[in-house]
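Assembling the complex is the task here: the two chains are given apart, and the hints tell you how they should meet.
So the sequences go chain by chain: A and B. FYI, the numbering for the first sequence is 1 to 514, going by the numbering used here. FYI, the numbering for the second sequence is 515 to 657, going by the numbering used here.
Simulated from the structure, these hints should not be mistaken for lab results. All clues stand as given, with none of them false.
Below 16 Å or equal to it, Euclidean Cα-Cα: the simulated EDC-like pairs (lysine to aspartate or glutamate) are:
no. : chain 1 : residue 1 : chain 2 : residue 2
1   : A       : K487      : B       : E525
2   : B       : K518      : A       : E462
3   : A       : K494      : B       : E575
4   : A       : K494      : B       : E525
5   : A       : K127      : A       : E112
6   : B       : K527      : A       : E450
Here are some chain B residues pointing at chain A (derived, C-beta under 10 Å):
no. : residue
7   : L524
8   : K527
9   : R530
10  : A551
11  : T553
12  : I558
13  : R560
14  : G577
15  : F578
16  : A579
17  : V580
18  : A582
Take a look, some chain A residues computed to stay more than 10 Å from chain B by CB distance:
no. : residue
19  : E86
20  : K108
21  : Y226
22  : G241
23  : L249
24  : V271
25  : G307
26  : V415
27  : I439
28  : G444
Note that the structure is predicted; figures quoted are calculated from it, not measured. Where is the CB? At the ideal position from N, CA and C, for every residue including glycine.
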Amino acid sequence: MYKSLTCVAVISTPKCHGWHFEHHVTRCHIDAGEELQDKVVVISSKFQKMGFCSRFNIYSKITVGHTLSVSQYIAKGLIKMIWNKEAECLGRSEMKALQLERLKEIVKRAYENVGLYRRKFDDIGLKPEHIQTLKDIEKIPFTTKDDLRDNYPYGLFAVPMKSIVRVHASSGTTGKPIVVGYTQKDVENWSECVARLIVAAGGTDDDIAQVVFGYGLFTGGFGLHYGLEKVGITVVPASSGNSERQIMLMEDFGSTILVGTPSYALYLSEVAEEMGITKGRHKLRLGLFGGEGHTPEMRMEIEKRWGILATENYGLSEIVGPGVSGECSRQCGMHINEDHFYPEIIESTTGNTLGYGEKGELVLTTLTKEGIPMLRYRTKDITILNPEPCSCGRSNVRMNKVLGRTDDMLIIRGVNVFPSQIESVLVGMEHIGPHYQIIVSKKGFMDDIEVQVELIDGKMLEKYSELEKLESGIRHKLRTVLQIDAKVKLVNPKSIERSVGKAKRVIDLRNKNV
Amino acid sequence: MLVKQISVFLENKSGRLAEVTKILGENGINISALSIADTTDFGILRLIVNNPEKAEQVLMENGFAVSATSVIAIGVEDKPGGLSTALEILARESIGIEYVYAFVGRDGKDAYVILRVENPDKAIDVLTKNNIKVLSSSAVYEF
Ligand SMILES: [Zn+2]
Chain A
1 MYKSLTCVAV ISTPKCHGWH FEHHVTRCHI DAGEELQDKV VVISSKFQKM GFCSRFNIYS
61 KITVGHTLSV SQYIAKGLIK MIWNKEAECL GRSEMKALQL ERLKEIVKRA YENVGLYRRK
121 FDDIGLKPEH IQTLKDIEKI PFTTKDDLRD NYPYGLFAVP MKSIVRVHAS SGTTGKPIVV
181 GYTQKDVENW SECVARLIVA AGGTDDDIAQ VVFGYGLFTG GFGLHYGLEK VGITVVPASS
241 GNSERQIMLM EDFGSTILVG TPSYALYLSE VAEEMGITKG RHKLRLGLFG GEGHTPEMRM
301 EIEKRWGILA TENYGLSEIV GPGVSGECSR QCGMHINEDH FYPEIIESTT GNTLGYGEKG
361 ELVLTTLTKE GIPMLRYRTK DITILNPEPC SCGRSNVRMN KVLGRTDDML IIRGVNVFPS
421 QIESVLVGME HIGPHYQIIV SKKGFMDDIE VQVELIDGKM LEKYSELEKL ESGIRHKLRT
481 VLQIDAKVKL VNPKSIERSV GKAKRVIDLR NKNV
Chain B
515 MLVKQISVFL ENKSGRLAEV TKILGENGIN ISALSIADTT DFGILRLIVN NPEKAEQVLM
575 ENGFAVSATS VIAIGVEDKP GGLSTALEIL ARESIGIEYV YAFVGRDGKD AYVILRVENP
635 DKAIDVLTKN NIKVLSSSAV YEF
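Bound conformation, chain B alone (with noise of 0.2 Å):
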């Protein structure tokens, strides 16, 4: 259930970001997710592609310093609420998040979110039994 997110340096100059895209881009790689933290001096660009083994090999290749992790992601019903239930189950479990994201699916109606959590094992077991939707790379990377 585990889903691959691939990490990458972004260094304060303009144009970097575009650049991982038109990598990406003719590398025939689709982005399904993505979202950058960043303050003035870096930036961290997390993505969730459809070949995130050939993402980052080609991001590497590239000149950029690339990390490969697992994530899962779960679906969210569309209404108030829905996201902070599955946040609930996770911190009455002690398992602490790292970073979470969301984005709409490709008919626009579900939300999912990305979680990085400490523990992802356990994670994906306590929000199954709480019936909260995980998703399978496959459909991940479909979206």
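One chain only, chain A, in its complex shape (with noise of 0.2 Å):
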């Protein structure tokens, strides 16, 4: 138990609206923490005072008398902060209430301002004031991306226009994209919200953020850039592309964060290396990856290749873009931002509800957007929901990293398959490089599926034998995964194509022309 802890590393400012005037290290003595697990020392009284307190713990490892400033401990995982300690360290029940209150309300005006909802309400006799409890959300119908694109484009907006002050779209693989529209007051929750992950996952307003995610009607260049200032961050907006000015940008404005595709985010390591930029000529220190999802292979391979702490945050345009969910420095399930966002698993098949910690997909309703609410939108993503309160001292629910999309799977010989499978074998493993292809094909009434990878050094050309066992051990791998065979061939390094954005890991041509 802590009775007492002097901690020199605080702020002075007054005019505290949470941490940024931490330069001005002064001493301050607390004599009250109050122990939670991991030995998490949540600072009350005195700090609370002072105004600033309320959005970070101190862990217990910060030695008395040192006088780094507050920065300094965050770089050293020292102190965590928390950006909304009011919203992110939430209790449950004070959560439920909260959310079933939006919920009611945004339901109440999805119903009388979006012709989409009244129909689908009415259709089965289902009233606003029918929602009394937060399982009532299981009468509400589902919506879906067909629902967007029919109605395209202004079709879901329950605000005039005048009120909407940015619209978003996301490409669809066929026909019009999908739009969707922001008030000021959605900014700025959408704001709040990325910046609550920036923080979780360790950034604070000395680091400098390069934001290689596309920025334009895609929502991650700009959603993150908006949280990353409200954080306080200097944002380099360097856009996806034109990988080796990234690199020199990096290195001459010593970047300390990367944001963007995990994908990316690899295929700039390579840059990075060819260029001989490595650690030290470098300052990068952390990534907040999203866009797209990665294996935990995968996220291995970038910390490992940057030398850097590779976070995941989620979310999709439909719901907000990116801000829905993002991981701690703890890298343990990302905590999703509850009180705008309101999650729950079902089963694809049946479209019933599942409870905490079973696997199935994702359904968001949005409780305070004010543009385009979202009321139980599939987001066809796979993942588990974990209510546990996490160590970083966060009670939120975390959702799992995504397992796949119900869109992604492939059927195979009537089996299953995620890219995400053959990612986690393939990624990693030596003597191959970690891009992959996946091409499917019909070979006459069958299934063929062939992985390529790339084979990146030349220490198996001795023996004929080695590349081959190197080959059929991937296959065997690959078979032990999947239960199927798959065909694996080696092709020559960086001959699979990179990408800047979210990579496209899969070609189907089995219902091509071929």
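If you want it as structure tokens, here you go:
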């Protein structure tokens, strides 16, 4: 128990609204720390009186008498910041009460202002006042991407266009894109949600963040940009592409955070290596990755190549863009901003609601969105929800890394195959690179799956048998994981197309006339 | 007496061999000898060239998986059984052979054989003792 703790690393400016003022280091004495799990000491009394400490926890490892700034403590992992402690550490019952209040409000607003919801409700005789408990949400019909597409472009907007300050669109693979609109308040909430995940990952206002997400209609670039600025981080809005220039900027500007898709982060690491820009010449320490899923193996590969902590965040433009959830630096699930987004897990085939700990499709309801409220939107992302409080001090529900998408799933000779399973086998294997391509075709009436990987070193060229062993080794591991036989093709280094945005791993030729 | 050989991974895609020879040609590198081992899946190209260091470098830069190893080159009399004498000597000394390929010198008279063995120094030793002509690298590069 910590009866008393002297901490020297705190901020003095009284206009404190967060920890932006950290450079004024002063001595503070905390008399009563309240011990939480994992030796986290939540500082109360004096700090709180000073008006800023509600946003962070201080670890007991802080040594009395040290004179580091708060940001130095954060960099050393000794202080974990929480951007909005009130929202992120809210008790479960308070959170549920808040969610219910907001749910009732948004259901009413959606029913009154959006034709699609009114029709869907009226069809089954549902009225907004029938939603009296959180469980009642299950009465509401699902919303799908098709609903957005059918109401292109502005059909689902709940406010007049004069209140919309921004639109974003995501490109569908077929036909028209889907369009989403934000009011001023939506943009503010969005930035707030993104700020939370940045701080949870370990970002501070001493950081310089290079955003290599594409800027434009895609939500990735702007979404992270606004959140980073809100935290006070220096933003380098590099956008995607022009990879050698990215590395040059990274070195010259001293970027400490890389923000983009994991596949582009991986590609950039190759470019940096080719240019001889290694750790020391670049100052990266943290990655904020999202926009596409990646396996734990891929994360480890990226961390190893860059020498950084790689964190993942999640979101989709239909809901808000990035900012639905994000990992804290402990990398143990993505904390959902539950005061803005209500998560459910359903069984994809039946639509039945599943419980915590059960694997299924994530369904999200926006609780505060004004421009385009989404009720029970089917994300197609497969994950698991975990309600346990995290050792970082946050108490909101965490979602697992996305395990696959219902529409990513390939059915090969009747067997369900997810590209992520293939990735988990390939990434980190010796002699081959982390890039891969999956080609599915029809041989006669049979599905044929070929996995292409790059042979990256020449060490095995002396013995033909070694190469064959490598190939059959990969094949064997794939068979163990996938339960089907996949053909493995070794290809030349750097011959698989690199992606500056979301990687396209699968080429399915089965429905094409070849 | 060791000769440097370059091995190149060739994926099963048409035009890969032509690409290699083109890159070497453009960089002024001459190929003295060449062999390809392949199956339907992939191939390994083995090359003896006049400038192996440069060859390794330019091929790597052009996106090929490459390795360099030491092999031995021997001259073989152009008559029946010429090669078998050398192979028998190695077998007697229990020196394993990974692979062998042959080519003809510029004058068209002499045949030469490239041998990749487990223990090249020992192999050179026993071959020389048994009056088999082991070629120096400079001699090989000038074929
Ligand atoms: Zn956490």
